[in-house]
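Asks: Take the two lone chains and join them into the complex the hints point to.
So you can see what is in the structure, the chains are spelled out below.
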Amino acid sequence: MNPVIEVKGVYKSFKNVQAVNGVDFEIIKGQSVALLGPNGAGKTTLMEMIEGIQKPDAGEIFVLGRKWKGNEDTLHQQIGLSLQETHFLDRLSVRETLVLFASFYCLDRRRVDEIIQLIDLAEKSRSYVANLSGGQRQRLAIGIALLNHPKLLLLDEPTTGLDPNARREIWSILLRLKQQSQTSLILTTHYMEEAEQLCDRIIIIDHGRILKKGTLSQLLEAENGPKIIEFSLEAPAETNGFAPSRFQIQWAAGQGKGSVILSDIETELPEFIEFISINKLRLKTLECRRKTLDDLFIEMTGRRLDD
Amino acid sequence: MNRIRHNQLIQLISAQFKDIIRHPAVIFWGIIFPILMSLGLGIAFTRKSDIVRQVAVIGQEQNPSSAGPSSGTDSRMIMDFLRHHAEKMESNDTVSPAHRITLKDDKLGNTIFVFRQATWHQAMSLLKRGNLSVIMDESRGEIQYHFDPLNPDAQFTYYKLSGIFNETAVTASTDVILPLTVSGTRYIDFLVPGLMAMGIMMSCMWGMSYGTIDKRSKKLLRRMVATPMKKSYFLIALMMVRILMNAIEASLLFLFAWLVFHVTIQGSLLGLLIIFLSGNIAFGGIAIFVSSRTDNTEIGNGLVNAVVMPMMVLSGIFFSYHNFPDWSIPVIQKLPLTLLADGLRGVFIEGAGFTDVLAPTAAMLTIGVVFFSAGLKVFKWH
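If you read the protein sequences in the order shown, they are chains A and B. Heads up: the first sequence begins at 0 in numbering that gives the first Met the number 0, then just goes up one per residue. Heads up: the second sequence begins at 0 in numbering that gives the first Met the number 0, then just goes up one per residue.
Isolated chain B (complex conformation) (with noise of 0.2 Å):
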């Protein structure tokens, strides 16, 4: 046969697909890299581990924020406690001694507190790079707790210490507590199909958007329709390499996942490939309308980073976006990530059939043709 087959989409799909899988870097960071952080996560929010928190205790020196009598700074109620309480650590030159509280909890992990001694100053600064999350002294003649009331952490161990303070320290020993570990219900069920959207928005952005920018500024384009090739099947042909390339890297996620944590699918598989394949579409669309004019890597940094990180910090790849203002909801479930994760997690987790992801899909695939069609309209070729 010595004729070339002849489809000119063919060929460049071939050509696109194997100058990204013949850099092994792509392996790695297409393939590796999302099963390294799926194992990390998984593995930090599924097993039980000590929850160890620092607390400095305020002494030598005055509060500068307290504007009370000065009744003694050596936080001596505190000390005193911690020695008949604590047990001490052993210290070198250079840090301060400590002791030490163990909350023994066998359901929901130990907490350790340790207390070390420290000037305002100093304690300011580990609290800055966050070492520490609470602050105790008695400038006031009674124990005062410093921290910030809007972080969460802060607050639970607030809560714990004042329960050892008060000596009124609760533990889920006595409660009867049945941990969820059904399929379905862990973090790493909800965590998985985020990472899957994640990979798909990041593949497409970054590899098209990025590597059509980089094309354009090396003149490859400007090459290219100097012959009779079709813009069109240019930009189709893109597209499903990135298809192609991420539904590799989903599937070596799913395999990964479902071997080690044993994550299942439980609602429609042709369910989950409408919402798979409207998602690439979607940011397939995008990549290809931010990357349509600019020939400059930086400009293309930008917009791509402009793009991806609202999404990243709003869509709930990692934690639910429900934690955010009531009015922001509506708007955060219109972006294509949320559609995306929120797809693939009814789906997974939700058991959603084909018709429940009918219309997230629909709303990707409108997404995905009029950034396309738009893109393609103001694309620059040379």
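Next comes chain A alone, as it looks inside the complex (with noise of 0.2 Å):
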């Protein structure tokens, strides 16, 4: 099957920033992948290469087969992207702004009003862009991307800035059109959640280059612990003196609180219980879940995505 997009060798750098540094993949037909990593990664930057808006220093990038390159009128038809931060036309309202990026396409008022249904704004179709809510803004941002049924959605951080439960509409809204169109999507994010909930893929990256890339299941699976305790202390101790132990603890600097990563949690559990009691230490907490992106990008760079 032909890739949607094949990114080869692509370099790309703004004055002393190398904000892209030799990066390869490829999307297939359908597929949902995320590019998740911290600010700064280099994610808006390879997106807007895919977006046709910069030009890469070195590489190649073929969207659904072709160079942007003299085809910019063929795939502008052809995908839908939502940029990291777009004001429209304050003073038009929702349904307006939609019929003048359907005039764009040649695309008939139906379309117009099956995008209000899909993105939930019918209440607020006569209401100024300017008194839309953030989420309800990033909706109709949507739903502009998907108003001329692009084969590609290109979303860069859809939801960044957002509260928790306008973030999970734009979820529900990205789910049901992954379950009833073969569009394939790619999204940059540093939600960990927002990855694992709308992509088959997922590719880490930062500093401008991919640490990782694969399914969820892979990348957590390929790792040696599937399983993580974090604990607190009723109060904070020295994290140096302790009798040996097996286990890597990454203590919180200062504030009696640390994690450990298990790979047996059965026979490995009771081992831990057992170390602190020797080491006289009290636990106030002690919460075992399985492993994250978080951890793993943690494991990988020292910091946190969301850093």
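Just so you know, not all the hints are guaranteed correct.
Claimed, not checked - Result set (DSSO-like, lysine-lysine): computed pairs, CA atoms no more than 30 Å apart in a straight line: (1) Lys14(A) / Lys376(B); (2) Lys211(A) / Lys14(A); (3) Lys17(B) / Lys123(A); (4) Lys211(A) / Lys290(A); (5) Lys230(B) / Lys66(A); (6) Lys17(B) / Lys54(A); (7) Lys229(B) / Lys28(A).
Simulated from the structure, these hints should not be mistaken for laboratory data.
Replies: As structure tokens, then:
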């Protein structure tokens, strides 16, 4: 199957910053892929090169089998996109904004009505854009991206800055789309839940390089321990001077909190409790959970995704 | 009818027009403000009113710029004259006593001189603040006048004052003066076409340039060109909406001037139409060129001001540009705002016909097309 996006050895720098540093990946039809990474990782620059807004310094990008140069009109007809931050005309209503963009694609009013239903803005269809909440504006931006039944949908941080409810509303729109159409999706995010919820594949990116890519289970199972214990102590303790153990505890400096990765929870948890007891520590909380993408990112970079 | 009127251009014009007229401030700044300005200036220059001029009489302290022998600093001669010829005004504790002389003139309006004693330092402060234009003293034993010889108002005050103190004051009472109130010869007739020209320039430069830069900074341009939208349509729609807005504004200004000041159009209406359209195209093109690159509204402010301010000063909107040095006149006459203002005045007050305005129309169209093409070529959409 021909990939809908092929990124081959792409580099891009701005003045002294190497924003994208040798990136390769492919996305096949119908796949949803997240570019996951912290702020400044190079996600938006990469996305803008895929969108044809920026040109790579080196390397090649094929979108729906074509390069951007000379194919702008064809590609614009077939892709839908939502930028990280877009303001529409403030004093145009939701419907008028959709009608304006629909006219660029020669679409009819039925499609505008469908989109208003899809993004759940029927009650706000006559409201000015200036009077919409952040979540509603983002839903409008996604609605505009979906107007032309795109083969490929490119969303740059679609839920950044939104409250959890607004974020879930966007997710439900995108999940519905995923179930009902063959649209390929690529989105950038620094929310691991977003990547987990919406995407089949995840590409973890930092400092312009791909650190890891694969499905969620591939990414998490490839590492040595799928479970994590997070604990806190009654009183902050010195983090050295403990009896030797096989646990590699990550301490939060001076807070009496720590975490440890376990590969076999059934045998290792009792041993951990014994370790606490031997060192005369008193537990305040103890939580056992599966490993997340955030944990994986911390392991790889020493930083959190939302740093 | 389920289909959208497909024409992108119509939708772009409609969207941008709605976005403008739905801002309540547009009604004030675009329509009411120019009318208020013409009302204020029209009244100021069409009604005869008393002219009041303040004069400082130096007393108590030596004028530091006078190098001559100190011959008394109490301005005795001036004060004696005032005591005999002027009316004494009441004063409070903070202001020194003053005298008033009124030169009566029922044709040109009365001139009232208010004389107030002051130290040299106080007089200079008042002069710098624009509160008075002439200072009088007697530090050399005779009446001396201090004023800026390049300031026509100060000159006017000096001539009248000198007439009073030499007892040769001239008023128009004895001369035969026939005021020119024929339509087309009054200041308001000169002003209204100038205000229209200025309105077109301001509306294009601020509305189009600033609006475009703002859309770029908010990434709306970037979003729009990520669709099959024709880029030239976007810019053409921008210009058409601005022409429409300017037509509404100019029509209302004219309607007001016609109703209140009886300003009329004496020349060809077709000539007026083409000069109006070509002026819009000239400034629309310049506006697109000015806003073609930057995404910073502060830089945009500076760029727009750099274009607008020189023309505001030079193009003779409020007063004739023929007061500028002779060598500069041919340059000033080629500025787009001068071409537009002169063209509009030609039709409004000189009765210019269609063929008379062809030359400025062609010049402005050329300016518009050249700047529009250059702007489109270097236009930054992202």
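Asks: If a hint holds in the structure, say so; if it doesn't, say that too.
Replies: We went through each hint and held it up to the structure:
no.: 1; hint: Lys14(A) / Lys376(B); in the structure: 25 Å, holds
no.: 2; hint: Lys211(A) / Lys14(A); in the structure: 27 Å, holds
no.: 3; hint: Lys17(B) / Lys123(A); in the structure: 18 Å, holds
no.: 4; hint: Lys211(A) / Lys290(A); in the structure: 16 Å, holds
no.: 5; hint: Lys230(B) / Lys66(A); in the structure: 21 Å, holds
no.: 6; hint: Lys17(B) / Lys54(A); in the structure: 35 Å, violated
no.: 7; hint: Lys229(B) / Lys28(A); in the structure: 29 Å, holds
In this structure, only the earlier hint numbered 6 is contradicted, and the remaining ones agree with it.
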